[in-house]
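Take these sequences, add in the hints, and give me the full structure.
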Amino acid sequence: MSEQKEISLKKAKTASTKRLIAVIIGLLAFFYISAFWSQEWTVPGSRVSPLTILYRMFVVPFTSLEYLQKFPERILEMLETIAIAYAGGIAASIIAMPIAFLASRNIGGPLSYIGKAILNAIRSIPSIIFAILFVAALGVGPYPGVLAISINSIGMLGKLYAEVIESIDMNMVDAIRASGGNRVQAVWYGVFPQVLPDFASFSIYRFEIDVRASTVLGLVGAGGIGVPLMIAQQQRNWEDVGIILIIVIVFVTLIDKISGEIREKLV
Amino acid sequence: MYNEPPYRVFEPSEETNQNEQEVTCVIEFKNLSLTYPGGVEALKNINLKIEQGEFVVIVGLSGAGKSTLIRCINRMTDPTSGKILVDEEDVTYLKDRRLRKLRTKVGMIFQDYNLVKRLSVLRNVMAGRLGHTGTVKSLLGIFPQEDLKLAMDNLERVGIKDKAYVRADQLSGGQQQRVSIARVITQQPKVILADEPVASLDPPTSHTVMKDLRRISKEDDLTTIVNLHFIDMAMEYADRIIGMRDGEIVFDGPVTDVTEETFEQIYDRPIRVDDKRGDESDGQ
Chain A
1 MSEQKEISLK KAKTASTKRL IAVIIGLLAF FYISAFWSQE WTVPGSRVSP
51 LTILYRMFVV PFTSLEYLQK FPERILEMLE TIAIAYAGGI AASIIAMPIA
101 FLASRNIGGP LSYIGKAILN AIRSIPSIIF AILFVAALGV GPYPGVLAIS
151 INSIGMLGKL YAEVIESIDM NMVDAIRASG GNRVQAVWYG VFPQVLPDFA
201 SFSIYRFEID VRASTVLGLV GAGGIGVPLM IAQQQRNWED VGIILIIVIV
251 FVTLIDKISG EIREKLV
Chain B
268 MYNEPPYRVF EPSEETNQNE QEVTCVIEFK NLSLTYPGGV EALKNINLKI
318 EQGEFVVIVG LSGAGKSTLI RCINRMTDPT SGKILVDEED VTYLKDRRLR
368 KLRTKVGMIF QDYNLVKRLS VLRNVMAGRL GHTGTVKSLL GIFPQEDLKL
418 AMDNLERVGI KDKAYVRADQ LSGGQQQRVS IARVITQQPK VILADEPVAS
468 LDPPTSHTVM KDLRRISKED DLTTIVNLHF IDMAMEYADR IIGMRDGEIV
518 FDGPVTDVTE ETFEQIYDRP IRVDDKRGDE SDGQ
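Chains as they are written, first to last, in our numbering: chain A, 1 to 267; chain B, 268 to 551.
Incorrect hints may have been included.
Straight-line alpha carbon distances no greater than 27 Å define the calculated DSS-like cross-link-like pairs of lysine-lysine that follow [what the hints assert, rightly or not]:
#1 B:Lys311 with A:Lys159
#2 B:Lys384 with A:Lys265
#3 A:Lys159 with A:Lys265
Because the hints were derived from the structure by calculation, they are not lab data.
See the structure below:
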């Protein structure tokens, strides 16, 4: 700062470039501001203004004991959501393994197309569709949520696992095959030790996604905190909606932080 | 150790050897050829006999077909024509269970050790027992006590028993190659194939590894075939030297017949400094 002739990392801009950038920024700002201005910020079917709604969602719950007392109950429902995500995630991370081995080119061989087709089919169906199907079949509750979460996670985990398997060092597999081991033994001793840390890391990452996903799944009746969220929103009970959202945000942030730390240690 | 297969019944006249050692032909190549799909002829009509207990070094420049030749013996590579006999059994077209049985008899050591780096040394050595262990038991990690003892004894023979529970990637290159020697002898083979076992090691370590390999091979009376391209190491450790060039055997004789001119003939060019690994003191 002290010297005038400081070396800049970037080449100095000419005056005309600077003008052009200013014009572009000005135009963008104009479009955004006018778009916000012309938008009618009301919730359909509600006469309350959006600012009031935000105020009721995120400020009012902290002002009265009546609302603060609701927090523990909602936290329990959040824990149910986490439990749904955990049960679904664990099931998925195990079931995805055999499919991933089938889908990987180096282990599955010519069968890998079948494995990949299964995984692609699963991934192309959104989890909310699975949830609606399972709620219709099994009734409202956490169980259909667990099933929807696990099937959807298998699609993604299977693909990620398969990519890990395809990137391993096949020399170790060769060594075990060369000493008379069979295919299963070669996979167990040569492949598993190499891929397990990555598998674990991806499973934890997927659990993070599952927590968020199972919040949404509650909206169709698949258990967890999504159910009261849906009811409160339909009743225009904005304080309740606010409480639930605050809890979701806090828990998702916490899980994000914890899983990030675990994954860092794994790889 | 092994159930003696029925074909190892010998004629009484053959048993008259004074040392009471069976001098049988362990490995035999008959008109063996291998052409890769691209049209490269890696092996051209190889005829070769390797006797029980010999320590054979195959020399040749890279691309001469040394690796392909020894990988045919345990069928990690399939020849296109001709026959390979191991222990008088035609192994050229073995499949599945019988191929795995062959591979328990023919152990292999690799240039890059091929250890499972995240597993302990002992687990890596026990991987050599997989061919002798049932699938379910090996998945559960249940090995007979005598197998574990064998593995520990073999680690002691290569001088790294104290590293048994250390993760394989914590060891130096020379130690890792010794683990792979321990793994291969824990397999209790009759033949050891070593594909450039010292190419990734420094000169002093190369010598200790080759010494270990030769000592164990002689102690257990194993037929050993080693690929090397260092001429000084070949002359120091081999009983017999086979020279290869362009997929053909261009020299075959006891080490006593070999001079530097022999290598010049095998390599078809003058000997250079980097054809030699150097003394044990080198690199220090």
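Mind checking the alpha carbons of lysine 159 of chain A and lysine 265 of chain A for me, to see if they're no more than 27 Å apart? holds (23 Å)
Is the Cα-Cα distance between lysine 384 of chain B and lysine 265 of chain A 27 Å or less? holds (18 Å)
Would you mind confirming whether the straight-line C-alpha gap from lysine 311 of chain B to lysine 159 of chain A stays at or under 27 Å? violated (44 Å)
The structure does not agree with numbered hint 1 stated previously, though it agrees with all others.
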